[in-house]
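Colleague: So the chains spell out like this:
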Amino acid sequence: MIRKIGTHVLVLVLILSLSGCSMGWDSVQKSKISDEDLFPLVGQIIEEQKEVVWPYLQGEVARTLQEESLKGATIVENTLSEENGRSYLEFCYAVADPQGKEDVEQVVAFAHSLLDEKQRQELDQRLDQTRDILLKQGSALARGLAPSQRAAFWKDMQKLVTRTLVLFTAGVVYSCIPTTIFWGKISAATAIAVAAGVVSSTIMSIWRYYQFGGSMEESFDEWLKTVTTEPELSYALAASVISMGNTLKRGPVITGIIICVFALYNVIDMVKPMLNKYNFTV
Amino acid sequence: MRKLVLMLVIAWSMAPITAQQHVVRVTTDLSALSSLFGQTISSRTECTVELNDEFGFRVPVSLFFERGLGDTVLLHSGLLLEYRPFRNRLFLTVSLLQAGVLLRDAYQEEETKLHFLNELAVGWTYKHKSGFVIEPQLIFSDPNGIYADAYQQLGNRFSNFPMTRGSLLVGWSFLVKDLKKKEACDD
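For the protein sequence lines, the chains are D and B, in the order given. For what it's worth, my numbering labels the leading residue of the first sequence as 1, then goes sequentially. For what it's worth, my numbering labels the leading residue of the second sequence as 1, then goes sequentially.
Same shape as in the complex, but just chain D (with noise of 0.2 angstroms):
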């Protein structure tokens, strides 16, 4: 008798284990970069960028890298023996896209794992917003364009979209390092860089089509500020903006950028004691 309870216990929670059963086909989003291709390219980037970035940099990190004479490979290998560490070179790895395939959802899946969940919908939540702006903005525009600049116009327009949102997700990677994280402060602030680089140089190119052309210059100008004034649009245009001025001249500027993100996602609070450390101005 009691083995035949057991025996349909049994039976019953097999059956509700294969009832639900998704046999395992769910993947894996963010995509795996080994050590051969993250750790050279990385140390690299810092190599490139430290000049634009460490001037930058606030604080502990500031001090130790004015104080010794620290290369790309030993700032990863230091990275590395933090926590999470492994994960903003990762970032920083994502953001630069080697590969050039220009995919802010790997972006995003890579900075998911640095953040808390609030964060995560957070950012998940923006990015959508963001995107919808930005690409009702550009169609819009598009249409009053003349046919034969349109294809071309949607294309630029959408990099621009694409490469602003990576820029976005960096941003809100930088700001949300806790305070006990070290080393991986100067791999995310690379990774601004890198996005703000990419991001101005859309807008250049897309500008220079648009003053050769000769014709929508003056509205692509209006566009811009529109865009960037108004109160509901998000951080991402500014930031272009702010980041291409800078680039023209001295690079992107990171506290610039962190600023205009808290200030246009009205998350200020949230940041309010990193700002204070590092003293940030814009």
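It is possible that some hints are incorrect.
Here are the computed lysine-lysine pairs in the DSS-like style, where the Cα-Cα straight-line distance is at most 30 angstroms [as the list claims (entries may be wrong)]: (1) K4(D) with K127(B); (2) K118(D) with K4(D); (3) K30(D) with K113(B); (4) K118(D) with K113(B); (5) K113(B) with K32(D).
These are calculated hints, taken from the structure and not from any lab test.
Once you have looked at the hints, place chain B on chain D.
Modeller: Below, chain B without anything else, positioned relative to chain D:
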């Protein structure tokens, strides 16, 4: 908690059967040999106690070692229930309790060293008179998606960490009372 209660119910319901336990199988996974040529080296050994021709308990011990994505090392073990619904060679195993510990973590995450896991396997046992055993089985990790986060985190740490995989267990089975007799003879 739910698993613990379930385990207690099962253990209680099988109390009369446990008095008849006599066969033990010790097997190792031959398919893991192929992992020596990849970035993720894995090994799996299972010890099975057959309670009768329907039920048994299995204790698997697995080790995963990553070479390509940092040097993560995962030790993975648990208690599985083996069930032969038709009292023949076909078997199903379900996890009663299973967990993995990251002995070394490429991401250095302090909070996620212990991961609770879940497996469901279907297989076939071939036993030779000499005691030689071959058990091909198909293992489905986390069939219900309850531990999706844990599997995702582990999946990110290993180049090869499939959710569905084949396994070829090879080993020996022996009677526990034979061992007792042998001990008695030795004495």
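Colleague: Each of the hints needs a verdict: does it hold here or not?
Modeller: Here's how the hints hold up against the structure:
The hinted pair formed by K4(D) and K127(B) meets the criterion: a straight-line CA distance of about 27 angstroms does not exceed 30 angstroms. A C-alpha spacing of about 48 angstroms is found between K118(D) and K4(D), which places the hinted pair above 30 angstroms, so the restraint is violated. Annotation: proposed proximity of K30(D) to K113(B) holds, straight-line Cα distance about 20 angstroms (limit 30 angstroms). Among the hinted pairs, K118(D) with K113(B) is consistent with the structure: their alpha-carbon atoms are about 22 angstroms apart, no more than 30 angstroms.
Between K113(B) and K32(D) the CA atoms are separated by roughly 20 angstroms; this keeps the pair inside 30 angstroms, and the hint holds.
Consistency note: the structure conflicts with earlier hint 2 alone.
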